[in-house]
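Participant: Chain by chain, the residues run as shown.
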Amino acid sequence: MVRSDLVVVEDLRKYFPIRAGLFKAKGAFVHAVDGVSLTIKRGETFGLAGESGCGKSTFARLLLRLIEPTGGKVLFDGVDIFSLGKKELKKVRKRMGIVFQDPKSSLNPRMTIYNILKRPLEIHGIGSSKEEKLNMVLEILEKVGLGEEHLNRYPHELSGGQQQRVSIARAIITKPDFVALDEPTSALDISVQAQILNLLVKLQREFKLTYLFITHNLMVMQYVSDRVGIMYLGKVVEVLNTREELNMGKVYHPYTAFLMLSTPAVDIRERGRNKIIVPGEVPSPINPPPGCRFHPRCPFAKEKCRRKEPPVMEIRKGHYVACHFPSITEEKLTPYVEERMESIRKLWRGES
Amino acid sequence: MTEEKRRAVGVSMWKLTWRRFRKNKLAMTGLVILCIIIAIAILAPVIAPYSPVEQHLEDRLQPPSSKYLFGTDELGRDILSRVLYGTQIALRVGVLVALISAAIGVTLGLISGYYGGIVDEVLMRIVDIVWSFPSLILALAIVSILGPGLINAMVAIALTMWASYARIVRGETLSVREELYIEAARAIGESDIRILFSYILPNVMSSILVLITYNIPSAIIVAASLSFLGLGAQPPTPDWGLMLSTARTYLTIAPWYSIFPGVAIMITVLAFNFIGDGLRDAIQPERVS
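As you go down the protein sequences, you meet chains R and V in turn.
Taking my numbering, the leading residue of the first sequence gets 16, the next gets one more, and so forth.
Taking my numbering, the leading residue of the second sequence gets 59, the next gets one more, and so forth.
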């Protein structure tokens, strides 16, 4: 049976205890991920956006069980990965991959590219002979746009883009179902970013991969994602279908609207106009504000927002939002967002 | 791109280290001296004019002469031959002690830094205790339990010296552990043991190597001190420390007796220290001002 929901996340939480010196401060925690529930469908690209420090990377690490959760579940193809023993977990690891933001730090400086790519095959017992493994490594290198000449190089001899290609190759050499991409392009030059994005899209089609794509760049997000979750202080505040709604600018959470409006205008004539940025600073995740977490920065906040945490509701089919007053955002901010999205789209089409 | 960086393309980190090391005159001097010392140790039976234990009772406490270049001791043994043979013992003690203490310290340091928590607390407190004693005093205590002898002295010294490896490797492990490639290794399913020894160890190796080169001379000195105190090498072993110990009695009438083994210890220790300094600067150029 093939499940259409590949990754199901239920009320996932991760609190990091804060340790100060010898005597541990009791009860102080960083609420990195604080009750996230969402579903990633097989074959789609689920985008996750939000400011730095909102818990995006922690979320990705939890999905691969690189860290243990404080609470909640992650079902990978129906299996709760946090209940697995070492052996079963290893089997699941074969079906998952991850690519990190910093390509340089992602590769062991004392291993050649060949050894880096050969390890996943050895660990999971793929390929019987040495030649077979070598051929598989060569094949994957070619798929990511590198070649035989890179086999015996060390990571420091490659450029950032090439290093990221190696990271991607390592993540997909076991032919996984799911790959978490933790800001895979944000450490790269603009020109290289586009190449890597195109490579990721190409590989997704070829290997039928499901992506979790984390980024703070909404332009990139629009280009690759099918659906997008907007994260704020450890919570997902809005999930929308990019293919239609984000393009049209139909958003219901004020944070999503501000995030989209703060995308810098590339068109010179646009500069200075519509300069709307998210007001205020991100509150500390150690003591998140009560009620709605966005209320200290929200221009529309009312008494209810200060007291009661808004539940997640399905405002339209496949569109979820956690806000007490979604209609205010729709009324007051949607026109601006639509205008901004339109100008970005124009730019893409070259009609500036 | 700097000249060094351009040439670094296609060059492994060890080759790069060697290039920088080669430019350091003091370190190269140390290396040349060490090569000579090693050659002496190997060739001692060939180049020594006499056996190190052969007694010439008619020539006791002779000053340096053409017959006995470094003079003779109280039993008429040739001091030159004894100093030459002593090289073997000093090198063996230095290298073995360094390797044993590195093996203990590195393993414990890796475990301590990687797992953290209670294991780390306990191990580091033990390190604190070991470190709070001067190594000679602690080695004395251990030898007095084990009984005198060169092997026991070596074990005792290793048991006092592993702590510095443990502490340094732990610190390095703590920082390497945070690197993304460790997380990536876990993501592809590498086991903890494998991560410790194939990912973290190679990346802390340079510090260990520097520590070993510093550790060898101090091991030689502590071993010589133990022998001097009668707890290390036993007569008639041609050990430098032991020679100094007996020479002390004849210091006024036969000063050459103590000078030659003393100078031998000094040269050996200096050579290692020069190499250690050069290696540290070559491996961690960013830490040199």
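Hints in this document: simulated from the structure, not taken from any laboratory.
None of these values were measured; they are calculated from a predicted model.
It is possible that some hints are incorrect.
[What the hints assert, rightly or not] Pairs of lysine-lysine, DSBU-like flavour, derived with a Cα cap of 30 Å: (1) R:Lys347 - R:Lys361; (2) V:Lys73 - R:Lys145; (3) R:Lys105 - R:Lys148; (4) R:Lys223 - R:Lys190; (5) R:Lys217 - R:Lys265; (6) R:Lys145 - R:Lys217; (7) V:Lys73 - R:Lys119; (8) V:Lys73 - R:Lys148; (9) R:Lys223 - R:Lys88.
Participant: Could you run down the list of hints and mark each one as holding or not?
Facilitator: Evaluation of the provided hints:
Taking the CA atoms of Lys347 of chain R and Lys361 of chain R, the gap is near 23 Å; set against the 30 Å cutoff, the hint holds. Taking the CA atoms of Lys73 of chain V and Lys145 of chain R, the gap is about 28 Å. The hint holds against a cut of 30 Å. For a cut-off of 30 Å, the pair hint linking Lys105 of chain R to Lys148 of chain R stands: about 19 Å separates their Cα positions. For the given pair, Lys223 of chain R sits about 9 Å from Lys190 of chain R by alpha-carbon distance, which is consistent with the 30 Å threshold.
With a C-alpha separation of about 29 Å, the suggested pair Lys217 of chain R and Lys265 of chain R falls inside the 30 Å cut-off, and the hint holds. Distance hint between Lys145 of chain R and Lys217 of chain R is fulfilled; the C-alpha atoms sit about 28 Å from each other, no more than 30 Å. Among the hinted pairs, Lys73 of chain V with Lys119 of chain R is consistent with the structure: their alpha-carbon atoms are about 21 Å apart, no more than 30 Å. Between the alpha carbons of Lys73 of chain V and Lys148 of chain R the distance comes to roughly 29 Å, so the proposed pair stays at or under 30 Å and holds.
Only pairs whose Cα atoms come within 30 Å are accepted, and Lys223 of chain R paired with Lys88 of chain R is accepted, the gap being roughly 25 Å.
Against the hints set out earlier in the document, no violation occurs for any number.
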